[in-house]
Structures are given as C-alpha cells and as structure tokens.
Amino acid sequence: MKRAAALLTVTAILLAGCASWRPWSQASANPPQAEPMPGQLEPLHAAAFSRDMAVFWVTSNGCTEKDSLKPVVSRRGGEAVITLRRLEEDRCDRPVADGIEVKWSFEELGLNPGSRVSVNNPLQLPQG
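Note that this note's numbering numbers the sequence shown so that position 116 is 116, with each residue one more than the last.
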C-alpha cells in the first residue's frame, strides 16, 4: 500500500512537471515569427540619407525601376531600420555598370524629417 501511494505521488509529480514543461518546450521550438517581408533582400551599392530623403544605389540589368523595389521600415530602439526588398527580378540584358539610383522621401517611408535611420541590407560592390 505504501509502495502504491509512493508510486502515485511520484507519478503525480512527474506529470505535473511534464504539464508545466510542455508549453515551454513548444514555445521555444516555435518562437514567435516576424511578419514575412515581400520579395528578396536587395544587396546595395550604397545608401545615403538627408534630413528627409533616403537614396539607394542598386544593381540593374536595364529594367529596374523604383516600383521594382520596396522599402520596408521597422523600428529598433529609437531608430528606423530600412530593409530594401526587390519585388521584380530584372531580366534585361543591358547591365548598368554602377547601378541605378532610387529614392524615397521620409514622408513616403512614414518617417519624420530628421529621423535616425539605418539600413538592413548587405553591401555589394558594382560588377566590372
């Protein structure tokens, strides 16, 4: 009888431990996912910012336009982070040696003039 009571107690403790452990295990196996971004991450030749303008230089095979790209703005601390994404692949065969310039006003990006900004894209030197 004492053995059955001890076994029941140990089983209850183990089950209680599993019940509290399982949700933690599931949460760590499936961490919260950030909203997926559109298109592909675009390597940049360069980026520059003024008080109210973001300017990027990107690779072009001759058909890249501003609408081929989408700037995604997120926040990290007190700073805006811009990730430039390519929505449409440029399949033309007239490469532009130094890439092309595309720009967005801070107003278009939903930013206040003078906002602190950084870029979340890799840099790529022009081909050639």
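I should point out that these hints are in silico values taken from the structure, not numbers from a laboratory.
Note that the coordinates shown come from a computational prediction; the quantities given were computed from them, not determined experimentally.
Watch out, some of these pointers could steer you wrong.
To be verified - Think about it this way: if two alpha-carbon atoms lie no more than 20 Å apart in a straight line, the pair counts; the simulated EDC-like pairs of lysine to aspartate or glutamate are:
| hint | residue 1 | residue 2 |
| --- | --- | --- |
| 1 | LYS70 | ASP52 |
| 2 | LYS66 | GLU107 |
| 3 | LYS70 | GLU101 |
| 4 | LYS66 | ASP98 |
| 5 | LYS103 | ASP93 |
| 6 | LYS66 | GLU88 |
| 7 | LYS103 | ASP67 |
| 8 | LYS66 | GLU101 |
| 9 | LYS66 | GLU79 |
| 10 | LYS103 | GLU65 |
| 11 | LYS70 | ASP90 |
| 12 | LYS70 | GLU108 |
| 13 | LYS103 | GLU88 |
| 14 | LYS66 | ASP52 |
| 15 | LYS70 | GLU89 |
| 16 | LYS66 | ASP93 |
| 17 | LYS103 | ASP90 |
What the hints assert, rightly or not - With beta-carbon atoms standing in for the labels, derived distance ranges:
| hint | residue 1 | residue 2 | range |
| --- | --- | --- | --- |
| 18 | GLY114 | ARG94 | 35 to 45 Å |
| 19 | ARG76 | ALA97 | 27 to 37 Å |
| 20 | ASN61 | ASN112 | 18 to 28 Å |
| 21 | ASP67 | ARG94 | 11 to 21 Å |
C-beta: ideal position from N, C-alpha, C; glycine also.
Now for the hints, and whether the structure bears them out:
no.	hint	result
1	LYS70 <-> ASP52	holds, 18 Å
2	LYS66 <-> GLU107	holds, 16 Å
3	LYS70 <-> GLU101	holds, 14 Å
4	LYS66 <-> ASP98	holds, 16 Å
5	LYS103 <-> ASP93	violated, 23 Å
6	LYS66 <-> GLU88	holds, 10 Å
7	LYS103 <-> ASP67	holds, 11 Å
8	LYS66 <-> GLU101	holds, 9 Å
9	LYS66 <-> GLU79	violated, 24 Å
10	LYS103 <-> GLU65	holds, 11 Å
11	LYS70 <-> ASP90	holds, 14 Å
12	LYS70 <-> GLU108	holds, 11 Å
13	LYS103 <-> GLU88	holds, 17 Å
14	LYS66 <-> ASP52	holds, 18 Å
15	LYS70 <-> GLU89	holds, 13 Å
16	LYS66 <-> ASP93	holds, 18 Å
17	LYS103 <-> ASP90	holds, 18 Å
18	GLY114 <-> ARG94: 35 to 45 Å	holds, 38 Å
19	ARG76 <-> ALA97: 27 to 37 Å	holds, 34 Å
20	ASN61 <-> ASN112: 18 to 28 Å	violated, 35 Å
21	ASP67 <-> ARG94: 11 to 21 Å	holds, 18 Å
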